[in-house]
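Next come the chains, spelled out residue by residue.
Number of protein chains: 2
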Amino acid sequence: MDAKPLLQQYQQRVEQQLKTVLSLSGDAEKIRQAMQYSLFNGGKRVRPVLVYMANQLLGGKLEQADAAACAIECIHSYSLVHDDLPAMDDDELRRGKPTCHIAFDEATAILAGDGLQALAFELLAADTTLPADICLKMISILARDSGYRGMVGGQSIDLCNEGQQISAGQLELMHRYKTGALISASIELGALSSNHASDNDLQALNDYSRAIGLAFQVKDDILDIESNTETLGKPQGSDLLLEKSTYPALLGMAGAKQKLALLNEQAHTSIDYFKDAAEPLHWLADYIVERQY
Amino acid sequence: MDAKPLLQQYQQRVEQQLKTVLSLSGDAEKIRQAMQYSLFNGGKRVRPVLVYMANQLLGGKLEQADAAACAIECIHSYSLVHDDLPAMDDDELRRGKPTCHIAFDEATAILAGDGLQALAFELLAADTTLPADICLKMISILARDSGYRGMVGGQSIDLCNEGQQISAGQLELMHRYKTGALISASIELGALSSNHASDNDLQALNDYSRAIGLAFQVKDDILDIESNTETLGKPQGSDLLLEKSTYPALLGMAGAKQKLALLNEQAHTSIDYFKDAAEPLHWLADYIVERQY
Numbered sequence: 032m033d034a035k036p037l038l039q040q041y042q043q044r045v046e047q048q049l050k051t052v053l054s055l056s057g058d059a060e061k062i063r064q065a066m067q068y069s070l071f072n073g074g075k076r077v078r079p080v081l082v083y084m085a086n087q088l089l090g091g092k093l094e095q096a097d098a099a100a101c102a103i104e105c106i107h108s109y110s111l112v113h114d115d116l117p118a119m120d121d122d123e124l125r126r127g128k129p130t131c132h133i134a135f136d137e138a139t140a141i142l143a144g145d146g147l148q149a150l151a152f153e154l155l156a157a158d159t160t161l162p163a164d165i166c167l168k169m170i171s172i173l174a175r176d177s178g179y180r181g182m183v184g185g186q187s188i189d190l191c192n193e194g195q196q197i198s199a200g201q202l203e204l205m206h207r208y209k210t211g212a213l214i215s216a217s218i219e220l221g222a223l224s225s226n227h228a229s230d231n232d233l234q235a236l237n238d239y240s241r242a243i244g245l246a247f248q249v250k251d252d253i254l255d256i257e258s259n260t261e262t263l264g265k266p267q268g269s270d271l272l273l274e275k276s277t278y279p280a281l282l283g284m285a286g287a288k289q290k291l292a293l294l295n296e297q298a299h300t301s302i303d304y305f306k307d308a309a310e311p312l313h314w315l316a317d318y319i320v321e322r323q324y
Numbered sequence: 032m033d034a035k036p037l038l039q040q041y042q043q044r045v046e047q048q049l050k051t052v053l054s055l056s057g058d059a060e061k062i063r064q065a066m067q068y069s070l071f072n073g074g075k076r077v078r079p080v081l082v083y084m085a086n087q088l089l090g091g092k093l094e095q096a097d098a099a100a101c102a103i104e105c106i107h108s109y110s111l112v113h114d115d116l117p118a119m120d121d122d123e124l125r126r127g128k129p130t131c132h133i134a135f136d137e138a139t140a141i142l143a144g145d146g147l148q149a150l151a152f153e154l155l156a157a158d159t160t161l162p163a164d165i166c167l168k169m170i171s172i173l174a175r176d177s178g179y180r181g182m183v184g185g186q187s188i189d190l191c192n193e194g195q196q197i198s199a200g201q202l203e204l205m206h207r208y209k210t211g212a213l214i215s216a217s218i219e220l221g222a223l224s225s226n227h228a229s230d231n232d233l234q235a236l237n238d239y240s241r242a243i244g245l246a247f248q249v250k251d252d253i254l255d256i257e258s259n260t261e262t263l264g265k266p267q268g269s270d271l272l273l274e275k276s277t278y279p280a281l282l283g284m285a286g287a288k289q290k291l292a293l294l295n296e297q298a299h300t301s302i303d304y305f306k307d308a309a310e311p312l313h314w315l316a317d318y319i320v321e322r323q324y
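If you're matching them up, the sequences are chains Z and H in order. For the first sequence, my numbering gives the first residue as 32, with consecutive numbering after it. For the second sequence, my numbering gives the first residue as 32, with consecutive numbering after it.
Keep in mind that the hints were calculated from the coordinates and are not lab data. Quantities reported herein were computed from a predicted structural model and do not represent experimental measurements. Check the hints yourself; a few may be wrong.
No copy labels: a pair is met if it fits in one copy or bridges any two.
Unchecked claim - Simulated crosslink set (SDA-like; lysine to any residue; CA at most 25 Å straight-line):
(1) Lys61 to Ser198
(2) Lys50 to His299
(3) Lys61 to Thr277
(4) Lys128 to Asp230
(5) Lys288 to Thr300
(6) Lys288 to Asp232
(7) Lys168 to Asp232
(8) Lys306 to Ala280
(9) Lys61 to His299
(10) Lys61 to Asp122
(11) Lys288 to Gln42
(12) Lys168 to Gln48
(13) Lys35 to Leu282
(14) Lys168 to Asn226
(15) Lys61 to Leu204
(16) Lys35 to Leu190
(17) Lys128 to His299
(18) Lys35 to Lys168
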């Protein structure tokens with residue numbers, strides 16, 4: 032199956048949706064512009080695509096997944112803005128464009144990230160297509176998975192690890208928090224948005240998201256070494272410069288590629304349970320592994 | 032009426048509640064510690080007190096207000112951590128103690144703020160004492176009032192105003208966003224937590240919170256000039272150094288005090304509607320105006 036048209040359909044859908052989430056004007060115009068700039072920075076919208084795919088897998092309606100798709104992207108977007116700050120990764124470019132604190136200023140970038148996080152929860156709370164208890168469950172999951180027991184915790188572990196020699200187990204733990212948690216949340220919110228998710232469904236999807244989440248990161252590490260700055264939109268080898276532990280550094284390039292293949296296999300196996308309905312998710316697992324940027 | 036014992040009871044209650052909101056241990060220990068440090072920095076817990084008072088005014092149960100009280104304090108606490116950062120106000124002391132980025136480091140302070148914001152929404156979503164639709168409404172209000180159309184928007188306006196000559200109207204607009212929005216949210220969430228709030232109740236309380244919110248700020252501006260560093264816990268006159276517009280600067284000290292008296296009167300009038308039941312809120316309005324730190 033080639034699910035690329037589906038991927039593009041979902042990408043376009045979330046682009047359209049995101050255009051409506053920020054009020055057109057207001058008293059605080061500069062911060063609105065900085066949030067807008069950060070939301071529309073050419074991202075691949077992988078997480079919203081996951082939301083829609085999980086929603087469709089379980090027979091949901093796409094409009095029930097819109098709030099979750101936008102909320103997850105707001106969280107992802109805020110995390111990039113804060114991650115790029117001088118006190119964090121100190122990146123001046125993201126996908127070839129000036130990062131928020133370069134295009135605006137550092138204080139505005141901090142506030143834009145804060146505003147995007149609040150917006151994520153506002154969007155979920157305002158959703159009228161789903162029962163209130165489902166919306167609450169989504170908020171609960173997103174708050175946990177983006178907070179200190181999720182994404183933010185992973186970023187902190189990452190900072191603590193910098194310049195340290197760590198094990199493959201510690202590296203996996205860090206990534207499970209830092210990027211894995213939000214990818215899992217995407218799948219889980221998408222499943223919940225169908226209003227038809229059973230415990231077995233959620234378990235299978237959870238196994239899938241853990242595998243693709245880590246695969247995504249291993250692939251990123253490989254690309255950071257093998258790709259060039261132009262394709263990547265950030266300086267090639269920048270992880271090495273920051274003395275960050277990576278899979279190629281820990282396992283060697285061959286070992287990292289072996290790990291990637293194993294995770295891809297796990298991803299496929301975990302969703303066999305859904306039979307043909309899971310074809311887009313199978314395709315996406317391969318897409319993550321085979322992408323060149 | 033002397034509502035000081037009530038104030039202390041509510042302060043102690045939220046202290047106890049806040050002690051339980053962070054899991055005891057986790058993989059991301061450093062960030063948990065930084066969040067803990069920021070939550071317990073000797074704050075007066077004014078906003079949680081407002082939550083409890085509004086809850087009690089409308090005949091609610093205190094336990095129904097616990098989640099809102101803690102959530103609001105998490106938001107307030109995160110905003111202070113980010114406000115103190117070098118790129119923002121660059122403060123090394125808060126209430127006589129090192130600010131989060133001094134006690135830890137800048138990256139950790141950014142992340143601790145982010146984690147506290149997520150925690151606020153997690154707490155509201157996990158509340159089981161209220162119907163789901165009430166919890167959603169609370170989340171919606173808190174997200175809006177702490178986001179770019181509220182607190183974060185106000186901080187951005189404040190930054191844009193720095194070094195500029197602005198009018199009293201612009202100053203009021205900025206404060207209504209920057210501090211007023213979260214004070215209004217405290218009262219509104221407290222009222223909603225009673226599960227008995229009518230539109231008239233909410234309107235009267237909204238007028239009250241707008242008045243005390245601005246009064247709080249005018250008083251802060253006055254104290255920044257009249258108080259000394261030891262009482263204030265931050266360098267005296269620090270707003271002047273940052274070339275921030277203040278009420279005494281715009282209206283003169285006598286004008287600022289007149290404004291404060293007028294706002295206090297408005298606060299009292301707005302809650303006459305509740306008769307004797309509002310005595311603690313009357314007391315609190317006076318307390319805000321008369322405090323010495």
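- Task: Return the numbers of the hints above that this structure violates; sort them in rising order.
- Result: 2, 4, 6, 8, 9, 11, 13, 16, 17, 18
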